[in-house]
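**Q** Required output: the full structure, derived from the provided sequences and hints.
All the letters of the sequence shown, read from the start, carry residue numbers 1 to 169 under full-length UniProt numbering.
Read the hints as simulated data drawn from the structure, not as lab findings.
Being a predicted model, the structure only gives us computed values, none of them experimental.
A hint or two may mislead.
[Stated by the list, open to error] Calculated cross-link-like contacts (lysine-lysine; reagent style DSS-like; alpha-carbon spacing at most 30 angstroms):
| hint | residue 1 | residue 2 |
| --- | --- | --- |
| 1 | K14 | K120 |
| 2 | K126 | K136 |
| 3 | K136 | K120 |
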Amino acid sequence: MSKRKMVRLDAGSKRFNFRIAGLGFRDGYVLVHRAVHETFWSFPGGRAEIGETSEATLRREMQEELGVDVTVGRLLWTVENFFHYEARDFHEIGFYYLMTVPPVFPFHPSEIVHRNRDGKNDLEFKWVPATVAALKALDIPPYFIAEEIETLPETSRHVVWHDGDLDRA
1 MSKRKMVRLD
11 AGSKRFNFRI
21 AGLGFRDGYV
31 LVHRAVHETF
41 WSFPGGRAEI
51 GETSEATLRR
61 EMQEELGVDV
71 TVGRLLWTVE
81 NFFHYEARDF
91 HEIGFYYLMT
101 VPPVFPFHPS
111 EIVHRNRDGK
121 NDLEFKWVPA
131 TVAALKALDI
141 PPYFIAEEIE
151 TLPETSRHVV
161 WHDGDLDRA
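**A** Shown next, in the form of structure tokens:
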């Protein structure tokens, strides 16, 4: 993790977050990850740092987490997401990009393909079918993306979304 400051504002039980994520596809699958202590998955990415562009954030996060240089494509969604997580109410601005993961990154259709262990937020990565049914079964916020995974927007869309309580069992 970089030592630069990240864009995250805390006010007691409320938090503002600026998150950048990428949707990387291969052979009809999309790459997802989760913290090993979580039940839900997410699209890989991370928090923007002060003075860093969103595209640079995605490239940096993928280099840190996957050890590869991704190509950042077009912006798919800008999402204002509101949710409850770990006893906090979040207001998150998320940029979701199309990205190309290089062929050197492993692919397997049914197994964990990569682990990133840093002792604090251990992550695991896997490829899942890029279908509505597969993403709905996986539990992957923001939940509207599951509905649109088979027909990605041709131009960037702005979405206001409420994911609800992510602490639910």
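**Q** If a hint holds in the structure, say so; if it doesn't, say that too.
**A** Each hint tested on the structure:
1. At roughly 22 angstroms between alpha-carbon atoms, K14 and K120 fall within 30 angstroms of each other, so this suggested pair holds.
2. A threshold of 30 angstroms between alpha carbons decides the hint, and for K126 with K136 the separation of about 16 angstroms falls inside it, so the pair holds.
3. Among the hinted pairs, K136 with K120 is consistent with the structure: their alpha-carbon atoms are about 28 angstroms apart, no more than 30 angstroms.
Consistency with the previously given hints is maintained throughout, with no hint failing.
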